Amino acid sequence: MNAIRRSVFLLWLPTWLALTAHAQLYQGRQLVHADALANVSAIVPGEPFLVGVRLKMEPRWHTYWKYPGDAGIPTDIKWQLPEGWRVGDIQWPIPLKLEEPGDILIYGYHDEVLLIQQVTPPKDLTGASANLSAKVSWLVCEKICIPGDGTVNLSLPVAQANSSANIDLFARFQKQLPTPPAADFSASWKGGAAGLVLRVSHPDLGKFSSVEFFPSPPENVAVGHPRLASRTGNVFTFDVPLDNANGKFKSLPGLLVFGSSNDAPDRSAWDISIGHQTAAANEKSTLSEMIHFLIFGFIGGFILNLMPCVLPVISLKIFGFIQQAGQSRARIFRSGLAFIAGIFVWFLGLALVLVIIKSAGGQPVWAAQFTNPYFVLAMSAVVLVFALNLFGVFEINLPQWLSRRAVAAESAHGNAGSFFQGVFATVLATPCTAPFLGTALGFAFTQSAIVILAIFASIALGMSLPYFLLSAQPAWLKFLPKPGPWMLRVKQLMGFLLIATLLFLLSVLGAQRGVAALIWTCAFLLVLSVACWLKGAFMTPIASARTRASVLLVILLLLIGSGYYFIGEKFQSASLAASPTASAGSGWEKFTPERLASELQQGRPVFIDFTAEWCITCKFNESTVLETAAVRGAFSEHQVVKLKADWTNGDPAITKLLKQFGRPGVPLYVLYPGGTAQPYVFPELLTKNIVLEKLETVNRNIASQ
Amino acid sequence: MKTVLLALISLTATTVIAADSPPVGATAPDFNLADTGGKTHSLSEYKGKYVVLEWFNPECPFVKKHYGSGNMQKLQGEYTGKGVVWLSIDSSAPGLEGNLTAEQAQKVMKDWNTKQTALLLDPEGKAGRAYNARNTPHMFVINPEGKIVYEGAIDSKATPNPADIPSSTNYVKAALDESMTGKSVSNSNTRPYGCSVKYK
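So the protein lines, in turn, are chains A and B. Each residue of the first sequence is one higher than the one before, starting from 1 at the first, in the numbering used here. Each residue of the second sequence is one higher than the one before, starting from 1001 at the first, in the numbering used here.
Calculated from the structure, these hints are not laboratory results. Please note that a few of the clues may not be correct.
Derived DSSO-like pairs: lysine-lysine, alpha-carbon spacing no greater than 30 Å straight-line [stated by the list, open to error]: (1) B/LYS1147 - A/LYS190; (2) B/LYS1157 - A/LYS56; (3) A/LYS78 - B/LYS1157; (4) B/LYS1157 - A/LYS66; (5) A/LYS694 - B/LYS1157; (6) A/LYS143 - B/LYS1047; (7) A/LYS97 - B/LYS1115; (8) B/LYS1126 - A/LYS97; (9) B/LYS1200 - A/LYS66; (10) B/LYS1157 - A/LYS248.
Small disclaimer: the values here were computed from a predicted structure and weren't measured.
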């Protein structure tokens, strides 16, 4: 330290000491009175309770919110707790927006504020009473600002039972806490001329004369003053000025505050920070990241080939390759390209549909078609028909109408077949959201139409790569076995693989619609099988035109009749099955938005498993990670509330939350660490280590505050 | 009708501009302000030099943090020694905290042993509003071409406690060092912290 600096420091030292020691005194008045209160009369070992640090301010003086605005510093609370105690984040009540001359905007509290935190005492707490103390520091301002600090103490008896205390005070400030958004709420962000544009809507929002956005940007990010750009009915848009030249920010965390006026006591607020995490992960949305996601899409597409629900169809195709091995190379290559075209057409078609839905304001969701029982039913029928075909019950001569028109009849036949096989393979692939694919898709859904198309194209490319190589280099087909009578056996065996796929689809239907609906579906499938047999037995090319016409009539009558009776009447009336996974025991409880809100309100840590009956990745994660003894133990040790969000039937409340996390489908695993802390989103492919590690970190974080 | 519309549009435009500081990369607004000796300084006269603008209020605890510890004087001394023009600006309105007469300002400079090029008095808040200076201290670094290369906080720890200074990153120092060696400023826009500027 040089001489000048030392002398200056010494000169100011007394003033500084005076400031810290007597900061609260200003012109003989104490500006802030701080004390600590609990919402219980006594501490019960192991049972969480709430403590509040109350700041009472002189009239017109204010302290600050977690984001102070253009000036000021948030109040800081450091609890000094013995070993084994844990304390959650500060639950900040909705602040007032205060304006000072010079267009200075700050967020803070007048008169009185209670900053609530959840405290969890250890289970093995002993002694007759416990003393808790915290060092509180604040900045209190009116025309001028004065920093202050103080130590607050709380002494409570330790007992086996307790009653509520300070009920009115806690209730008054808990009422002012932001909550998660209501079910019908939607928010979207996009880049604007000078920052970001936030668009929010909810059916009741139009009722409020004051609707505002309070940002709570990450540390050291400068945000301008959000301005209401337009309000039309229930739709509000805000301009949020921000230095965002490089497109670093896709969204900002913050509160949507609404009420009859901007300082009315009846104000409410929704914390719309949820999903910000996903956006933050995408902050560096550069070309390199785009390439990164395209690569993930490609790998994901390739992995789709290995998925159990695709494998049977892939085998079909490989079987086709073997058949063609003796033919000309050009023909094999054309056939391969047709297959690839099928894959591309399906994915790009799907992408186009999503782009259209997205632009129409809908909420596209991955594998959403599997939440529709009629889609699953149709898939079951298709799979059964293919299986019967493999068993040799009938031959498919569907492409004939195409081939007649084609110039080269025979090759068109093969190509059209390959094309539809390509489509079919990919249709079956959708429920298997491979781990990489999910990431790429999650990204795609937040992007422009061109990006969505590009990512889907890269998925299609990944999926079709093996076929491209095999058809371009038929020499490699030599490594595949030679055709022979064994092929018939293999074909039949593959039929059984398709039957296995059918079982999977039926299990989904059962979960969606219950046993009765399942039985009626099977009845329909039986009639469908008979129809296929009729076709194979009597509609042969050598049969007379009359026979063929009459058999076709019988088949149509059978299908329409059984379709009408079994599906139109019986299946339709079967009620929705009660969610089977929710009652599956082992500590899981059914997810509802209200349940989540109330658990979070009470500051409890919550883990949500977004799952569905038809999601194989979900089942895999559940059996290999979530339902293992170690993970179960860790959940109960950290007293985490486990909620299961079952998306089998496409519950709109769950769809909405998935969307808020930027995910188009299941699986999704989220941990709310408790209090108002931001939720942590797990990767799609869970490992025991990552779950255990995260539970430990959360615990440490809470303990260190 | 057309005029009303035009007026509305220009009104909205000005509100948008008023809500934000001139962005980094923009030309720094010019000003004419008297220093404690009555001499007038304008930004344009320093074209060709690096200029630091520091919003100042001697009563503000955050300003005291950096002067009480000698941190601000050290920075001022170091960079004025390298040819940088350092202008402290007091935009407190008369009757409000931190408003200084020329004599009071001279006394503060002497007592605190400050090392800036000049302390400018802006009781009307003209320069403050042109830059949308919101805090004391709120820092701007302007390059020889007259463009803003840094806007924001003095350092990374937004507290009034001088004990936090040694462990914080000084953004102004970093911006000057990078800019003066021909590099682009890596952290060119941060959230300023401190007291609000006491405008009329």
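Against the structure, the hints:
1. With a C-alpha separation of about 29 Å, the suggested pair B/LYS1147 and A/LYS190 falls inside the 30 Å cut-off, and the hint holds.
2. Proposed proximity of B/LYS1157 and A/LYS56 is supported: the alpha carbons are some 26 Å apart, at most 30 Å.
3. For the hint linking A/LYS78 to B/LYS1157, the alpha-carbon distance of about 17 Å falls within 30 Å, and the restraint holds.
4. About 15 Å separates the Cα atoms of B/LYS1157 and A/LYS66, which keeps this hinted pair within 30 Å; it holds.
5. Simply put, A/LYS694 and B/LYS1157 have alpha-carbon atoms about 28 Å apart, close enough for the 30 Å limit, and the pair holds.
6. This hinted pair does not check out: A/LYS143 and B/LYS1047 have alpha carbons roughly 36 Å apart, beyond 30 Å.
7. About 38 Å separates the Cα atoms of A/LYS97 and B/LYS1115, which puts this hinted pair outside 30 Å; it is violated.
8. With a CA separation close to 25 Å, the supplied pair B/LYS1126 and A/LYS97 stays within the 30 Å bound.
9. A C-alpha spacing of about 27 Å is found between B/LYS1200 and A/LYS66, which places the hinted pair at or below 30 Å, so the restraint holds.
10. Proximity of B/LYS1157 to A/LYS248 is assessed by CA-CA distance (about 23 Å); at most 30 Å being required, the pair is judged to hold.
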